[in-house]
Structures are given as C-alpha cells and as structure tokens.
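Asks: Kindly generate the complete structure, drawing on both the sequences and the hints.
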Amino acid sequence: MKIYVPMDSAAKALGADDVAGVLAAEAQKRGLEVEIIRNGTRGMIWLEPLVEIEKDGVRQAYGPIAPTDVGALLDGRVDTHGSVEDIPFFARQTRLTFVRCGLTDPLSIADYEAHGGLEGLKRAIAMSQDAIIDEVKLSGLRGRGGAGFPTGIKWDTVRLAHAPQKYIVCNADEGDSGTFADRMIMEGDPFTLIEGMTIAGIGCGATKGYIYIRSEYPDAIAVMSRAVEIARAAGVLGVDILGSGKAFDMEVRTGAGAYVCGEETSLLNSLEGKRGVVRAKPPLPALEGFLGRPTVVNNVISLATVPVIFAKGAEHYASFGLGRSKGTMPIQIAGNVKFGGLFETAFGMPLGELVNTVAGGTATGRPVKAVQVGGPLGAYLHPDQFDTPFGYEEFDGQKALIGHAGIVVFDDSADMLSMARFAMEFCAVESCGKCTPCRIGAVRGVETIDRIAEGDTGAIELLTDLCEVMTDGSLCALGGFTPFPVMSALRHFPEDFAPQKEAAE
Amino acid sequence: MRTPMPAQSDLTPPDASEIEAVIRPFLALEGPLLPMLHALQEAYGYVPESAYAPLCAALNITRAELKGVLSFYHDFRARPSGKHVLKICRAEACQAMGATAMADRLLKKLGLEWHGTTANGAVTVEPVYCLGLCACAPAAMVDGKVIGRVSDARLDTVLAEVGA
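Residue numbers (my numbering), protein chains in the order written: chain X, 23 to 527; chain C, 22 to 185.
Hints may contain errors.
[Claimed, not checked] Computed footprint of chain X on chain C, listed as stretches where at least three residues anywhere in the stretch have a Cβ under 8 Å from a Cβ of chain X:
1. 71-81
2. 90-97
3. 129-142
4. 147-153
5. 157-163
[As the list claims (entries may be wrong)] Below 35 Å or equal to it, Euclidean Cα-Cα: the simulated DSBU-like pairs (lysine-lysine) are:
6. X:Lys-360 / C:Lys-166
7. C:Lys-166 / X:Lys-51
8. X:Lys-360 / C:Lys-88
9. C:Lys-166 / X:Lys-296
10. X:Lys-456 / X:Lys-303
11. X:Lys-77 / C:Lys-166
12. X:Lys-296 / C:Lys-88
13. X:Lys-230 / C:Lys-88
14. X:Lys-303 / C:Lys-166
15. X:Lys-296 / X:Lys-456
16. X:Lys-421 / X:Lys-456
17. X:Lys-421 / X:Lys-159
18. C:Lys-166 / X:Lys-24
19. X:Lys-51 / X:Lys-24
20. X:Lys-421 / X:Lys-230
21. C:Lys-129 / X:Lys-303
22. X:Lys-230 / C:Lys-130
23. C:Lys-130 / X:Lys-24
Calculated directly from the structure, the hints in this document are not laboratory data.
Given the structure is predicted, the values throughout are model-derived calculations rather than measurements.
The beta carbon of each residue, even a glycine, is placed where N, CA and C say it ideally should be.
Replies: Here you go:
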C-alpha cells in the first residue's frame, strides 16, 4: 500500500515530518509493506497533516493526523474524509495550474508525465516562436504576481528584441503576507514551473533562466534545486530539450530578505549582485533587464500556468473567468479563517462567498471585520464590499487590488488604525530608499498616524495628502501602493481613527 | 538550510585563503555576489570583515559597493547570531491570529528587543515578514525548521529545546 504524507512546509509546520517518521517505524514494526510518498499539499491546510492511504488504486484521506494517531490510522480506526476530490472545499475548485499539486510525488518526473506533465512543452517544441506567443496572448494570461500585465505581450517584446543573450527570470520572491501559492507549487509540483519557463525560453529565444526564491522559503529552495537537477538529467533542460535541438537551462538563486526585491527591477539588481534598489522604467526589463539584456520577468504562477495552456489549448484556458480576467486564480485564504488554504477557481467569485462560505468565516467564530486582499500593499475591504467579484478590474473599481490573490481575514478585534500604521511601518522598513515619497513618506506616515491615535484629528487631512503624494510620486508599487491599506482602513473604518477611541477604552 | 552556529568565542576570523576557497565555486556565475555572501554566511554564521578584501578583489568592486550590498539585505550579518535563530512572523495574516501580542510576550519574557540575543548566546530572536504559512498562523521558524499555529506553550518548548 502507498501512503502519502505531504512535505509541503505548511504540512511540515504542523508536524508532517514526525507523522511520516512514526508511520515508517510503525509499519516496519507491524511488518507492513508500505511505500511512503512525500507529496505536495492538496491545499486544505486546516486538515494538515493530511495523510492519504492508497489501496487498490483508491486514495482515502485522513486528517489532521498527529503522530499519536498513526497506530489507530493503521488499525483502520480513524474516520476518513473519503477521497480528497469529494471534500467540498476541493470539489468546488477548478484546478488548472494546481492540477497535480498534492496528487503526485513532486520529485518524480515519471509521475509528472503520467499526470499530463510535459504535454505542453512537447506541443510548444513543434510550434514556431510566433505561434507560441500567439497561444499565450490568446489564453488571456495576465501576470499573476499582481500587476496583471498581459504575459503574451511581455514575451513578444523580448522575442522581438535583438541581443546575443536573453533571459527568463522567475520572480519567486513571494513576500506578500497571506500568499503562499508560489511556495506551494514550487514544493508540490516544481516541474510545472520548469516546464513553463522552458516554454517561455523557446518562445522568446532565451536560453538561460533564473528562479529567484526568497530566503524565507528554505524548503522551496531545496525542492526546486533538486527538481532542476532531475529535469536536467532527464533532458528536459539542457542543450537539447527532449531531443528538439533547442537549448534552455536554469539556476535557482536565493534572495536575502528584502521585500522590495519582489519588484521586478529591484529583483534584477539583486540577481546581478547589487543593492536591490528599484530601477526607473523605461527602459523596460523586456528590453534592458538582467545584465542589460532582454529579460522576461514573470511570477511563479504565471509561468506555472503556461504548461496547462499549451497542453489543453489557449481557448480552453480562456473559457474560464470573467471579462478581461481570464482563466483561474489560485486564491490563498489566510489569517483568521476556519478553512484556510489554496482555492483555485475561475475569476468572478464574489469576495463574500470566498470569505463566508469557502473559508467558513473566522477561526475565532467572531464577526469578520475586514479582509485584506493582495498582500501588505492591498486594500482592506469592508463586509459591505463583499459582493465584489474576484477580478482585476472589479477590484480596481473598489479602490482595491487582487495582487497575488492572498486574502487575509480579520475578526472584529482588529484595530484598523494599527493595521494602517503597520502598513506604513512595513513600507519604512522595506523601502529601498531610491525615491523620496516612499523613503521619507513612510516614516512620516507612521508619525502622522501616531498623531491621529493621540487624538489629533487634523492629522487625518495630512495623512490623506501624504498618501496622495506617495501614490503619485513613488517609483514602484511599494511606496505607490502602501496608501491602499492605509486609505482603505481610514475610509471604511473611520471609527478606529476617531479621537473618542482612547477615551472609550 | 541554516545549521546551529558555534559559540561566538570559538570563532577566529577566517583568513583570505579560506575565504577564497568558499567563494571560488561561484566565480563563473552571472551575478555571483549574493551566492558568495550566502555561502560565507552558511560557513561562518556571518560575513566576516576578513572576507571584504578577497570579495572586492575577486569581483572588481569597491569596499563601498560591497558594504552597500551587505547593509541593504536583512539576511547578512556583520557578527555571529546566537547558536540558534528564532524567526517570528510579524506580517498581517499572523497578526490576524494574535502574533503581535504573542511576540511581545516572548520578547518581554526573554528581556530582548527584536534582533536581540539571549545572554547565554543560545538564541537570537528576529522578525520575519511572512513565511508563507499564512493558513496556519501564527508562524515561526527555528534554524530553517518551520512551525505553524504557534502558541505561547509551543514557544516555551522551542526555547527549552534551544537552551534559552
């Protein structure tokens, strides 16, 4: 029998390694023939460690399993959730990008191929560069890192640029709080990212790739590095990709704890070994990127979605979604929620349904006060805005953003003035220092919010003005978007900024 | 992954030839500085000042450029940390699950500020902004090992394990 115990770091953080250890020991003691497979997570973190037992080709899910439950589990005395695919949270999803995550052994390329892996690459190899770019354009894929820029157009710019060397850089500096989709796919299905980058390389005429992973993700770095070696040995990477005569190879690089390096130009400077300061655009990285050469910089999820687009066809992918937000988005449900995890679904689901139905409301059982969508630079949304459909333009209309699609839920104990202050404080800590509105503005922002907390209501106007300057004058999204959480907190939760607050407490 | 570091007193700064041996494998990379600094920190627990001259010579950069890079990134240390490093997430998802108050209690109990090291050198406590464990918040990491749904009791166990 096969037993699946996830090696995803969220599962590990909840004891999966101990469970796997006890399982191996207990199975040996009982003389059971057991193959323990360390898979990725299925994304239902409240059930982790989620153990699956496969008998006669059927997988049954059990969880959360503690090391002390292992004996009972092997005795058959633990209730099963049935098959993962039947758990409501999972059954409601449309899994395209994450179709294999948690299903397969992340480091088995045979398993990868058996579940549809490499189909996209094989198809792309037979296509012209033009046709590859058209396929991506037709799919409607937009940058999943947050900016939502059409991926095909970016690729085309690089393809048309003249240079002796072009690069594909994967931005795996997933620093936004409430997001973990990049980490999950790198730990759970790393070959899909490698395949996506390889297709990008072939399409754009780039032969070298880099995956820049933040240092806070040691497990993802280990899995990804190993996967690159395996892919190289299997001829998926190298000078002759799958016997096509085309070349592409990649390296994994580790960040060094700077949030701003998730900004593409800052990331490129960091990759070059410089301070991770933001570069002014133009020139676009697509024309002058890594080492001044044409470079595609795409988020992990954008690139990891490419294989399914090529395997199933652009029309198939584009048939999901809403308006100009095509396809699916892996939404990450986090913070104070009953059912936290990764929920991949077509664009368009209303925010309230995600929070109240899918996430099941708060873990504490208290009313939801606010939801921050899109990381530390994303707006706080009020329950009054819960009918907003999940899509780029729809959130823009609410002075909010979907960003990398992390949603962090807060109950009514949250103090929105402190959350606004934290946003400014975070910006001050992480500012690269290049532009004044961000470097100085964030510090002044903290001071101004402190004045409001002390009862100086006149400072509210000052804060509003400061946010306007930061929005209009900052070089990148760090300074430019910090006003989103600050101003949304102020707009939707004015009572938390009112002077009587201190007196009332 | 980080391994526990030797106590500070055991350390004599490595000489230039030792440094060169650590950084040599990275010389052929495009943009080799960060991989070199990570390797040095992995080897010594910090980036020793004795590495500056060999690094600058190897990469043809000035000491000012090198210092600029070192000071930019939160990861690189100028001196060794405690034997173990406990990172506690301060980001929003963890805050939504009470991380701020929990971290305050921990720091107060240890008599430390953020980045501080206990008097016996056992543990350094650092803030981290997101470990990607936002669906099992609050989160922490000890020497590269992740912990989810951290509680005061769990932190006590961790502190006992690292001898703080």
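Asks: Indicate, hint by hint, whether the structure satisfies it.
Replies: Hints and how they fare:
{"no.": "1", "hint": "71-81", "in the structure": "violated (count 1)"}
{"no.": "2", "hint": "90-97", "in the structure": "holds (count 6)"}
{"no.": "3", "hint": "129-142", "in the structure": "violated (count 0)"}
{"no.": "4", "hint": "147-153", "in the structure": "holds (count 5)"}
{"no.": "5", "hint": "157-163", "in the structure": "holds (count 4)"}
{"no.": "6", "hint": "X:Lys-360 / C:Lys-166", "in the structure": "holds (25 Å)"}
{"no.": "7", "hint": "C:Lys-166 / X:Lys-51", "in the structure": "holds (28 Å)"}
{"no.": "8", "hint": "X:Lys-360 / C:Lys-88", "in the structure": "violated (46 Å)"}
{"no.": "9", "hint": "C:Lys-166 / X:Lys-296", "in the structure": "holds (29 Å)"}
{"no.": "10", "hint": "X:Lys-456 / X:Lys-303", "in the structure": "holds (13 Å)"}
{"no.": "11", "hint": "X:Lys-77 / C:Lys-166", "in the structure": "holds (32 Å)"}
{"no.": "12", "hint": "X:Lys-296 / C:Lys-88", "in the structure": "holds (10 Å)"}
{"no.": "13", "hint": "X:Lys-230 / C:Lys-88", "in the structure": "holds (29 Å)"}
{"no.": "14", "hint": "X:Lys-303 / C:Lys-166", "in the structure": "violated (39 Å)"}
{"no.": "15", "hint": "X:Lys-296 / X:Lys-456", "in the structure": "holds (13 Å)"}
{"no.": "16", "hint": "X:Lys-421 / X:Lys-456", "in the structure": "holds (26 Å)"}
{"no.": "17", "hint": "X:Lys-421 / X:Lys-159", "in the structure": "holds (27 Å)"}
{"no.": "18", "hint": "C:Lys-166 / X:Lys-24", "in the structure": "holds (26 Å)"}
{"no.": "19", "hint": "X:Lys-51 / X:Lys-24", "in the structure": "holds (17 Å)"}
{"no.": "20", "hint": "X:Lys-421 / X:Lys-230", "in the structure": "violated (38 Å)"}
{"no.": "21", "hint": "C:Lys-129 / X:Lys-303", "in the structure": "violated (45 Å)"}
{"no.": "22", "hint": "X:Lys-230 / C:Lys-130", "in the structure": "violated (50 Å)"}
{"no.": "23", "hint": "C:Lys-130 / X:Lys-24", "in the structure": "violated (46 Å)"}
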